[in-house]
Amino acid sequence: GAGVSQSPSNKVTEKGKDVELRCDPISGHTALYWYRQSLGQGLEFLIYFQGNSAPDKSGLPSDRFSAERTGGSVSTLTIQRTQQEDSAVYLCASSVGTGYGYTFGSGTRLTVV
Amino acid sequence: QKEVEQNSGPLSVPEGAIASLNCTYSDRGSQSFFWYRQYSGKSPELIMSIYSNGDKEDGRFTAQLNKASQYVSLLIRDSQPSDSATYLCAVNQGTGGFKTIFGAGTRLFVKA
Numbered sequence: 001g002a003g004v005s006q007s008p009s010n011k012v013t014e015k016g017k018d019v020e021l022r023c024d025p026i027s028g029h030t031a032l033y034w035y036r037q038s039l040g041q042g043l044e045f046l047i048y049f050q051g052n053s054a055p056d057k058s059g060l061p062s063d064r065f066s067a068e069r070t071g072g073s074v075s076t077l078t079i080q081r082t083q084q085e086d087s088a089v090y091l092c093a094s095s096v097g098t099g100y101g102y103t104f105g106s107g108t109r110l111t112v113v
Numbered sequence: 114q115k116e117v118e119q120n121s122g123p124l125s126v127p128e129g130a131i132a133s134l135n136c137t138y139s140d141r142g143s144q145s146f147f148w149y150r151q152y153s154g155k156s157p158e159l160i161m162s163i164y165s166n167g168d169k170e171d172g173r174f175t176a177q178l179n180k181a182s183q184y185v186s187l188l189i190r191d192s193q194p195s196d197s198a199t200y201l202c203a204v205n206q207g208t209g210g211f212k213t214i215f216g217a218g219t220r221l222f223v224k225a
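Protein chains in written order, with this note's numbering: chain S, 1 to 113; chain P, 114 to 225.
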C-alpha cells in the first residue's frame, strides 16, 4: 500500500480483556517495528521483525504482550489481560531494511478503563 | 545516562529565524541518525537521515553529525509557524544493531 496502515485507530477496552492491534506495512519493506508512546512521553521500543528472522522481543514489557508477523507482511500485536498502564498510542513502523529511517502508521490509541 | 538525550524545550523562535535543535547519544558504535517531526496528535514523520560526519542539507533543514562528540543537530532556516512541532532525534544501534532509539523530543514553537 501507499503507507503503513494500522487498525483500529481507537480502542477502548475494559481492564482484563485481551486486545489485538493490526499493522499492514508498506509493500516491500522487510523490517517492521512496534513502539508505544504514552501521553507526553517518548517512543518506547517493543518488538522488531526483519524478514524471516526470529523477532527481537527485548522491548516487550511483560509476557502479556506478544506479536507475530505472518508471511513477512501483516503484523498483529496482542495484549492479554489489559491493565490501565497499557493505555498508550501503539505505533507500527516499517522500513526498507535495518539502519534506514521509518515510515510510521497513524497509530492505535488504546484506552483501558 | 539516557541513550539519546534532547533538551525538552520548549524552544521558541520568531518567524524567519534559525531554530537549532541538539541531541547527544551514548552508543559510540551508532551508525545511522535521524530526525523526525511529530505534530500534536500525529505520528512521527521522517525529515532527515544522516550517516556520516558533517552537514547534510535538504531545503530549509540541515542535519549535522559529529561522531567523535556523539552529537547530532538539526538547523531549521527561515522558521515558519508550520514548523511548530516536537522534533525527535533517533539513533540506530551500533554495528549489527537493528532498532532505533528515540530521544524524548524537543518542542519547537515558531512565533508569527
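Hints may be right or wrong, so weigh each one.
[What the hints assert, rightly or not] Some chain P residues judged to face chain S by a derived CB distance under 8 Å, without partners named:
#1 G142
#2 Q144
#3 S153
#4 P157
#5 L159
#6 S162
#7 F211
#8 F215
#9 G216
The set of hints was computed from the structure by calculation and includes no laboratory data. Owing to the predicted nature of the structure, the values given are computational and were not obtained by experimental measurement. C-beta: ideal position from N, C-alpha, C; glycine also.
Indices of hints not satisfied (ascending): 1 and 3
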